[in-house]
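**Student:** Chain by chain, the residues run as shown.
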Amino acid sequence: MNPILLEAVLVCYAFLLLLVEAFNSRMPRRYFGWAAVVGTTVVFFMTFFVDSSKMNPEAGYYGFYAADTLAILFKRFILLVSVCVLIMAIEFAPVLVRYLPVEKPDAGSGEMYSLVLFACAGMMWMASAQNFVMIFVSVELVTITFYVMVAMMRGNRASLEAGIKFLILGAIATSLNVYGIAWIFGTLGTTELPEIGAILQSIDSSLFPSLLFGFGLIFAGISFKVAAFPFQFWVPDVYQGAPTPVTAFLSVGSKASAFVVLMRVLESMLSNSELSSKILFMLSLVAGVTILMGNLSAIPQTNFKRLLAYSSIAHAGYLLMGAASIVSGNSGPAIAYYLMAYLISNMLAFGVLLVVGKSTGSDELVHFNGLGKKSPWLATALTLAVLSLAGLPFTVGFFGKFFIFSSALQAQQFILVGIGILGIGCGFYYYLKVIRAMFWLPASKEQSISSPIEISKPYAVMLILLSISLIIFGVYPEPIFNLIP
Amino acid sequence: MMIAAIPWILLLSPLVGCVLILFFGRASKLLSSGIGIFCAGLSLLCAWFLWLKGGVVEVPSFPWVDYTSFGKQFRISIGFLLDDLSLPMLVVVTTVAFLVFIYSVGYMAQEEGYWRYFAGLCLFLFSMLGIVVAENFVMMFLFWELVGVSSYILIGHYFRRDSAADAAKQAFTVNRVGDFGFLLGILLIWLYSGTFSFNDLKGKAQVITDAAPWLLTTGLVLVFLGTVGKSAQFPLHVWLPNSMEGPTPVSSLLHAATMVAAGVYMLARIFPALSLSPIALEVVSWVGGITCFLAALMGTQQNDIKRILAYSTISQLGYMVIGISVATASTVAVFHLFTHAFFKCLLFLCAGSVIVGMHHEQDIWKMGSLKNKMPLTFIMMGIGTFALAGVPPFSGYFSKDLILEWAWIKGTPVFWFGAITIALTTFYIFRLFFVVFLGPPRSDEAKHAQESPRVMLLPMLILSILSLTVGWPFIGHFFIQPVHPEHVPLFLRFILIGFLAVGALVAYLLYAKGPLKDPIQVAVFENRFYIDNFYDWLVKEIQGRFAGICAFVDRWVVDGFVKIASGCVWLFGFCLRMLQVGNIQAYAFYFGAGILLIFFLLLSK
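Listed in order, the protein sequences are those of chains A and B. First residue of the first sequence: 1, per my numbering; consecutive thereafter. First residue of the second sequence: 1, per my numbering; consecutive thereafter.
Treat the hints as calculated values from the structure; they're not laboratory data. A few of these clues could be false.
Said to hold, decoys possible - Distance ranges between label pairs, derived from CB positions:
1. Ile453/A - Gly567/B: 33 to 39 Å
2. Gly34/B - Pro28/A: 40 to 46 Å
3. Pro63/B - Phe428/A: 28 to 34 Å
Since the structure is predicted, the reported quantities are computational estimates derived from the model, not experimental observations. C-beta atoms are modelled at their ideal positions from N, C-alpha and C, and glycine is treated no differently.
Whenever a hint applies, use it, and build me the whole structure from the sequences.
**Tutor:** Shown next as structure tokens:
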């Protein structure tokens with residue numbers, strides 16, 4: 001099967017859903033959600049039958065699209081994220097509908113599912129993008145879809161505010177990105193990444209300033225997506241305002257696909273040793289400051305969603321630390337593993353947050369007080385999730401951190417490792433705060449109704465699967481590691 | 001493929017049994033014991049099959065962690081090492097365990113927590129089999145710890161009794177001390193050889209010795225600490241007598257036949273490396289000799305039937321450790337392990353039978369004249385006694401004397417510890433035997449004692465036959481071919497028999513006539529050389545005080561620093577939050593500033 005079919009099928013399917021949704025107002029909207037889940041799952045299984053040899057580089061016009069193992073791996077990864085996000089969106093629909101200024105109660109929530117599919121397709125293209133034009137187009141597909149999704153709860157001020165902030169800052173990032181691409185194209189006369197890598201190996205040093213100028217702009221654009229310092233300020237506000245499934249999608253899917261792009265761009269840019277020393281120094285600095293920013297700002301947080309936002313910045317920092325250790329040769333797999341671990345743990349955390357937020361009407365940490373008594377299984381799942389985010393052994397997050405740190409040590413990034421350890425220390429503080437709230441602090445008076453939180457069966461299955469894989473891959477990491485090229 | 005599945009069935013069936021009993025065992029006693037016996041029986045069949053099939057069985061190992069870091073392969077796999085050492089061991093472990101499972105049906109019939117007990121036994125069997133089949137250090141260590149956990153559960157079976165709970169805790173803690181050394185040793189050996197696998201160890205050990213002999217010695221001595229803990233060698237022997245708080249079948253299985261033998265088994269596993277380091281061998285030899293001698297001395301003055309046997313276990317384990325250090329092959333020690341497993345298990349089961357008959361009275365000075373009341377137990381206990389004392393032609397004679405012959409050949413002073421211990425062993429075990437079975441009944445329970453049910457007697461009978469015969473060359477050598485030294489002087493045999501006769505004679509003179517209380521009182525032996533008291537003092541006074549000081553420092557000094565540091569971090573975080581003003585103009589400004597920063601970093605010279 002031609003790999004390009006994956007995205008094609010997904011996009012066509014999304015259009016189909018959107019059309020049916022527009023012309024059929026009787027069907028309950030959640031059916032569209034399940035249809036989207038089924039479609040995404042089918043595409044996920046299709047990835048196992050793609051034939052990369054169909055992407056013959058000599059065919060010319062395919063040069064923009066890579067279908068190597070890394071790309072396929074990340075496509076699967078993104079598809080899994082999308083499935084989780086869709087299931088979360090179905091669970092979240094009642095809340096979403098409450099903030100929609102529509103007359104019929106169920107109307108207007110169906111577009112969400114198609115939008116998730118569009119974003120998913122965009123991210124999959126990002127994973128394959130090998131050409132700056134392709135990168136730009138796919139990144140924009142994702143970003144614009146997210147503008148809509150973030151502001152989906154039109155009746156909610158926070159959601160709208162988040163949408164506006166995301167839109168304006170996103171526009172700035174986009175403009176920087178395209179400006180940078182123009183500089184690189186102007187300097188080298190090509191937008192193909194492999195070709196750029198080849199040219200850079202023997203290039204006159206007088207071209208360096210313009211190249212670095214262009215790269216700096218592109219890096220700023222990507223930093224915006226991965227939430228690296230100093231382009232991370234939108235993260236807490238947008239994460240907090242956006243509907244929870246969208247936040248989860250932003251924090252995992254968007255970040256992962258941006259990292260693939262970053263790794264591909266770095267791979268070509270670092271082929272020149274003189275350029276690479278400067279770029280790596282900047283990367284290390286950005287990584288260190290991002291780790292500190294994310295972790296330190298997370299400490300005083302009292303809102304769990306904001307806390308997860310800062311934690312997502314911190315994780316971006318660790319991932320950048322991996323990217324800055326690219327000379328070790330191990331950092332590619334380490335980053336991939338870290339992202340897998342992050343997918344499992346973060347999805348689980350957001351999954352629990354969503355239902356707790358839905359039942360209590362708030363994401364404040366106070367509302368997690370006494371959860372251990374009220375819904376012990378949810379509390380256990382969240383405990384696993386935060387322990388894994390903190391990087392405790394026997395959770396998948398531990399191996400993520402372990403591989404990143406060991407590749408950083410191999411690259412002799414000792415200062416960065418020191419900062420990372422500090423960050424992990426802070427991380428334990430604010431992650432364990434959640435556990436403390438759930439198990440030790442008594443439930444406050446106003447939420448004394450101690451009925452357990454009700455969740456639907458498929459949602460429970462998703463949470464259970466995530467929890468189990470979190471532990472299994474925390475004890476036995478080989479299966480994931482074998483998948484990574 | 002079929003063959004390769006058998007070791008997995010062998011290993012996993014007790015685990016499955018444990019889980020099943022935990023879930024369904026509460027329903028009925030019959031179900032718990034049924035599942036337990038079935039699973040142990042399945043393991044038994046697998047073990048015998050593998051053994052009778054013969055030859056090395058290749059089982060594909062299962063990679064667990066495989067990671068290259070700093071140019072070193074960090075590879076841990078879960079795999080089986082089935083060779084001449086592990087196969088007979090599997091046979092011994094499963095056979096003894098199976099018999100003890102059956103015996104437990106009778107012994108535990110009236111006891112609380114029946115299902116809990118059988119689940120614990122199954123978990124123990126699983127862990128022990130794991131140690132035996134382990135292919136590398138890490139896997140062995142995992143199961144080593146699992147054995148620790150399951151023995152904790154079983155010793156503390158009567159957890160409502162304080163002494164049992166304390167004994168369980170003590171066993172676990174003391175083992176921890178040894179295991180810490182074991183872990184350090186494993187890591188040290190890995191650091192310099194880059195391998196955990198026992199197979200590779202043989203080759204790599206030579207490389208390490210050539211590079212730095214002291215390194216191998218340090219590593220091996222640390223690993224030996226694991227043995228000192230698990231096999232209750234001096235000075236970490238204190239937990240074993242106290243572990244007798246558990247049910248008697250547990251004492252029999254764990255603390256005589258299998259778990260404590262794990263330490264010796266591990267030494268046999270690393271023997272190829274051990275034999276390269278004379279210093280490590282010397283350490284092993286002296287620890288074994290001292291243990292063997294001291295434990296026998298302590299055993300002579302105990303009054304609790306199970307404690308006497310416990311000290312004898314320690315003493316016999318000492319022999320095995322000596323055996324590792326003096327002989328040119330590990331089979332000599334393993335041979336003693338093999339015979340000891342059977343006769344010590346038998347002795348404990350007989351003791352259990354006596355205890356049940358006596359309505360849970362364990363003081364030998366309240367027994368007496370039981371030979372009439374419990375004739376079958378009397379005969380079988382006699383067989384066990386002769387085997388332990390090493391009376392020819394009982395099995396103990398062949399294996400123990402072999403060790404001492406090697407010790408003589410090696411010309412080490414440890415030989416004399418071992419030789420004198422023969423006299424002591426004979427003395428204390430005959431003392432037990434005479435006091436319990438001969439003489440007048442010393443209490444009402446003794447007058448009305450009853451023979452145990454058949455379900456208990458059957459395993460004892462099988463073990464008696466084994467205790468009698470497994471030492472005979474044509475039977476024992478079917479399992480293990482111990483290496484015999486050349487040119488053993490004839491007078492050595494006489495010396496050893498002489499020691500035996502002296503011990504037996506003294507015991508006969510003192511105890512056969514049935515005194516009402518012990519005619520000799522040696523407080524030092526009875527109080528176990530005050531070693532327990534010394535540890536008590538050490539923990540209470542030294543460690544307790546030190547801990548008090550630490551707690552004070554922690555509360556007022558460390559916590560203070562921590563509070564200051566965390567306050568600073570919190571404040572810093574709070575200031576960072578100030579940047580998060582929430583208005584978009586500011587964010588756009590940061591954006592621009594960030595780009596300038598990047599340009600500065602990238603474009604400045």
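**Student:** Take the hints in turn and mark each one as holding or not.
**Tutor:** Taking the hints in turn, this is what the structure says about them:
1. Ile453/A - Gly567/B: 33 to 39 Å: holds, 35 Å
2. Gly34/B - Pro28/A: 40 to 46 Å: Check failed, 52 Å falls outside 40 to 46 Å.
3. Pro63/B - Phe428/A: 28 to 34 Å: Taking Cβ atoms as reference, Pro63/B and Phe428/A lie about 31 Å apart, which means the hint holds.
Hint check: a violation occurs at hint 2 only; the rest are consistent with the structure.
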